[in-house]
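K.L.:
As given, the protein sequences belong to chains A and B, one line each in that order. Okay, so the first sequence: first residue is 135 according to our numbering, each after it adds one. Okay, so the second sequence: first residue is 85 according to our numbering, each after it adds one.
Hints are computed from structural coordinates only; laboratory data are not their basis. Among these hints, one or two may not hold up.
[Unchecked claim] Below 25 Å or equal to it, Euclidean Cα-Cα: the simulated BS3-like pairs (lysine-lysine) are: (1) B:581 - B:545; (2) A:400 - A:337; (3) B:132 - B:235; (4) B:333 - B:235; (5) B:181 - A:220; (6) B:181 - A:344; (7) A:254 - B:544; (8) B:545 - B:333; (9) B:333 - B:132; (10) A:274 - B:333; (11) B:581 - B:235; (12) B:235 - A:274; (13) A:270 - B:333; (14) B:544 - B:581; (15) B:235 - A:270; (16) B:467 - A:274; (17) A:270 - B:132; (18) B:581 - B:467; (19) A:254 - A:190; (20) B:467 - B:235; (21) A:187 - A:254; (22) A:270 - B:467; (23) B:132 - A:254; (24) A:188 - A:254; (25) B:333 - B:467.
[What the hints assert, rightly or not] Computed list of chain A residues with no C-beta within reach of chain B, every gap over 10 Å: (26) 198; (27) 287; (28) 294; (29) 310.
Where is the CB? At the ideal position from N, CA and C, for every residue including glycine.
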Amino acid sequence: MANDTNLPGHDGPSDSLVPVSTADPGTAVERSDALRNPGLPPHRLRVTDTDPKKAKTAERVIVALFYVSLVGSIFAMAAYFAFPIKPNDLGSVRLNNVFVGIGLSFALLAIGVAAIHWSKVLMDDHEGIDIRHPVKGDPKTQARAVEIFRQADRESGFNRRVLIRNGMIAAFAALPFPAIFLFRDLGPSAGTPAEAFSHTMWKAGTRLTKDPTGDPIRASDVTIGSVFHVIPEGLNDTEDVLEEKGKAAVLLMRLEPGDLHVSPEKRTWNYDGIVAYSKICTHVGCPVALYEQETHHLLCPCHQSQFDITREAAVIFGPAVRPLPQLPITVDSEGYLVARSDFHEPVGPSFWERRGDYNV
Amino acid sequence: MTTTSDTYNFDPTAPADSRRSGGITGWASRYVDERTGISYVVREFGRKIFPDHWSFMLGEVALYSFVVILITGTFLTFFFQASMAEVTYDGSYGPLKGLEMSAAMQSTLHISFEIRGGLLIRQVHHWAALLFVASTMLHMLRIFFTGAFRKPRELNWVIGFVLWILAMAEGFTGYSLPDDLLSGNGLRIIAGMVEGIPFIGSWILWLLFGGEFPGTAIVGRLYTLHILLLPAAVLAFIALHLVFVVTHKHTQYAGPGRTNENVIGVPVLPVFAAKAGGFFFVVFGLLMLMGAFFTINPIWVYGPYDPSPVSAGTQPDWYIGFADGALRLMPGWLGGPGGVPMEFVLFNTTYSLNILIPIVVLGLFIVAVMLYPFLEAWVTGDKREHHIADRPRNMPSRTAIGAAGVAFYTVLFFGASSDLIATHFKVSIESMITILQFMLVLGPVLAFFVTKRICLALQKKDRQIVLHGTESGRIVRLPGGEYIEVHEPVDEYERWKLVAFNDYEPLMLRPNAAGRIPVTERARAAISRLFFEDRIEPVTSTELEVARHH
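Using the sequences plus the hints, can you model the full thing?
P.N.:
In structure tokens form, the structure reads like this:
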């Protein structure tokens with residue numbers, strides 16, 4: 135191991151992995167008979183270092199690559215015009231995308247490959263060595279930094295004039311609060327969010343209409359086994375369609391009345407086996423849009439919660455806890471399905487202000 | 085042995101005319117230096133040494149894909165309209181014609197179908213974003229498994245961790261901007277989670293969305309975050325990250341000639357600059373190829389956001405998968421419906437554990453990721469600087485903990501695709517969820533023990549190689565008729581790679597000055613035992629001597 139003296143930063147026993155220093159090694163094991171670092175192996179020459187012909191070839195390849203890049207750039211610009219996007223022609227979009235993309239890819243990749251190739255085969259590849267120094271400042275600098283802080287403390291009286299200091303801290307502590315208050319008007323101007331979450335567009339007599347057309351639905355149109363995506367009548371004419379739809383969307387299906395297990399207080403909520411349930415998942419609010427006709431199960435595609443329509447949309451699987459709220463329905467004088475009232479509880483995900491007594 | 089000398093060739097006593105030479109380049113550099121003093125920077129960094137290893141490339145990929153994101157993103161801002169104002173679509177894409185949608189969605193379709201190269205840049209932007217998060221995480225794994233977070237780099241680990249969080253935030257805000265059906269459902273899920281936070285949930289939701297979900301404000305707000313606040317934060321943290329890389333100098337793997345006090349590699353000018361600069365163009369070029377040939381996020385297939393429809397098999401962008409998976413794997417009823425509900429009402433207010441538990445578990449997981457370097461430093465008590473990166477096998481317990489973390493993350497990640505896995509392997513979605521729920525608990529434990537044993541076995545193999553050489557495959561018959569396989573000893577350079585590692589012994593509990601053993605020291609000793617009870621020591625010169633004479 136004669137050559138390890140040639141290595142800077144490599145004197146004495148410090149060829150171990152961590153330098154012998156005053157720092158505490160903790161529970162690390164330090165051995166006196168550890169094997170020693172053999173030092174850098176001899177430098178290996180590349181074929182381009184020894185064979186001028188190979189070096190010349192490499193040079194040509196690199197030059198060629200840079201010109202490939204240049205051609206790529208020109209190609210991309212040419213493709214921009216040669217493959218224009220024609221109105222209502224998706225094929226032209228694809229061609230434009232592919233050919234401009236190919237041109238730019240070549241322009242970029244060729245530069246990259248050329249530069250890397252250049253650095254690997256032609257640039258000097260002798261190992262360079264940097265010496266590390268401890269990250270911390272040297273003791274003198276550290277001492278000076280401490281002294282500066284002390285001096286600043288003395289000169290300002292920061293720790294002596296306690297009243298000033300505490301007053302300053304109190305002032306700083308109060309300062310962020312006005313900033314938070316400024317955000318208050320992002321919220322509702324009157325009332326609370328919870329009140330808004332607790333009501334939907336449905337009222338007694340609101341017709342159930344098809345989503346998205348808004349055509350009313352006759353009870354007689356709802357055959358056994360069929361399912362309708364439903365919105366309240368007049369939804370499409372409101373100002374805030376999406377917000378209202380996000381609460382009022384309903385799934386409507388008809389089962390054999392005998393298949394439904396109806397609790398006594400909800401006896402009047404279905405109409406001859408036709409039931410309407412909120413489509414907004416009680417977990418985090420995705421639309422529960424997948425209905426399995428044979429089992430009468432509803433599945434939320436986002437997190438796989440499943441609800442059993444025969445048992446008042448009780449949760450039978452997944453992360454949801456509460457059943458989907460039921461919309462009480464009946465028919466009006468013309469035979470169209472209408473709501474008896476709004477939902478009796480907030481639809482969608484739980485929130486803190488949600489009470490515990492909606493269904494009691 | 086040859087090494088490049090790093091002497092600085094500037095000689096102030098040299099005749100003035102030699103300092104005036106150098107043509108236009110010389111004149112330009114003098115002009116700049118005399119006004120900025122920049123030659124100091126060139127002297128300090130121009131020949132700075134960077135070690136070379138493929139695994140050091142991962143952080144570079146992250147950096148370069150971020151640059152690509154900035155370039156392509158700037159292009160997109162010229163065409164995108166961050167507005168939820170309702171418009172009727174009348175563009176090139178037939179199936180959506182006449183549909184009501186937001187201006188954000190319309191302008192995204194406009195970029196995709198009417199702007200030449202618009203779809204290309206949009207797809208490159210999205211691919212680069214996916215690569216940015218992916219390479220950030222692979223880079224973190226590299227740092228973790230090689231112990232490159234040890235003193236003095238603990239703070240840089242935390243900075244990198246913040247960058248990971250920022251990268252996901254950038255990704256999610258960008259994903260939500262087109263206001264298509266899929267991203268709208270993603271926002272709906274976020275809104276639902278926010279709503280479930282006790283005390284403030286409904287208010288936070290209201291402030292965030294400017295009213296009830298979805299409102300008309302969120303796209304504009306996310307846009308401000310996406311193109312102003314978050315990129316500024318990412319840039320600031322990247323700058324800080326790189327300042328620390330320069331301050332600490334890069335780690336290197338153990339190897340002949342490499343010590344804790346030197347860095348062996350290539351100088352910034354010219355080799356590293358050429359390599360790294362070239363690599364940027366390679367990354368950009370490959371992303372461009374992907375943008376040209378592979379569709380990503382075809383919002384025209386999903387359509388505009390509407391709270392009512394949704395399709396089966398919805399997936400978030402991959403890096404959000406683990407959070408979505410956590411929501412899926414949390415049962416609403418412990419022990420099935422009729423068991424213990426994960427939501428309760430207290431004082432007439434609702435607490436949704438099915439939302440809160442996943443949020444808390446995810447929070448704890450990422451905080452554990454952030455704090456691990458400090459835990460290990462506390463357990464080993466090692467206060468020395470470490471600049472030699474470990475081989476993962478040489479720190480079996482750390483590697484095993486990392487594997488457990490990866491297993492945990494992976495199960496959550498697959499949780500987000502449970503329905504697709506179920507349909508693909510023809511399992512019911514219910515049993516798939518149940519399987520993943522078990523795996524979420526058992527997987528990390530299993531990964532920990534298996535990984536630890538594999539590491540110890542690999543270390544044993546290394547010892548064998550050092551002491552007895554490698555199997556040559558050459559069978560020799562001895563004069564006595566005995567057959568043996570000839571073992572070839574490894575040369576000293578190869579050997580050094582196998583023996584150059586730190587090892588620690590379990591902490592011995594000793595009473596402190598007051599004659600007591602504090603409870604923190606007991607905890608430390610217990611973790612230290614878990615870490616270092618089973619350990620393989622590096623071969624020493626004494627052992628090697630004995631083996632030679634054997």
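K.L.:
None of the hints should be skipped; say for each whether it holds.
P.N.:
How the hints compare with the structure:
| no. | hint | in the structure |
| --- | --- | --- |
| 1 | B:581 - B:545 | holds (13 Å) |
| 2 | A:400 - A:337 | holds (17 Å) |
| 3 | B:132 - B:235 | holds (21 Å) |
| 4 | B:333 - B:235 | holds (13 Å) |
| 5 | B:181 - A:220 | holds (16 Å) |
| 6 | B:181 - A:344 | holds (21 Å) |
| 7 | A:254 - B:544 | violated (36 Å) |
| 8 | B:545 - B:333 | violated (32 Å) |
| 9 | B:333 - B:132 | holds (9 Å) |
| 10 | A:274 - B:333 | holds (23 Å) |
| 11 | B:581 - B:235 | holds (22 Å) |
| 12 | B:235 - A:274 | holds (22 Å) |
| 13 | A:270 - B:333 | holds (13 Å) |
| 14 | B:544 - B:581 | holds (14 Å) |
| 15 | B:235 - A:270 | holds (11 Å) |
| 16 | B:467 - A:274 | holds (21 Å) |
| 17 | A:270 - B:132 | holds (19 Å) |
| 18 | B:581 - B:467 | holds (24 Å) |
| 19 | A:254 - A:190 | holds (14 Å) |
| 20 | B:467 - B:235 | holds (7 Å) |
| 21 | A:187 - A:254 | holds (16 Å) |
| 22 | A:270 - B:467 | holds (13 Å) |
| 23 | B:132 - A:254 | holds (18 Å) |
| 24 | A:188 - A:254 | holds (13 Å) |
| 25 | B:333 - B:467 | holds (18 Å) |
| 26 | 198 | holds (15 Å) |
| 27 | 287 | holds (26 Å) |
| 28 | 294 | holds (33 Å) |
| 29 | 310 | holds (16 Å) |
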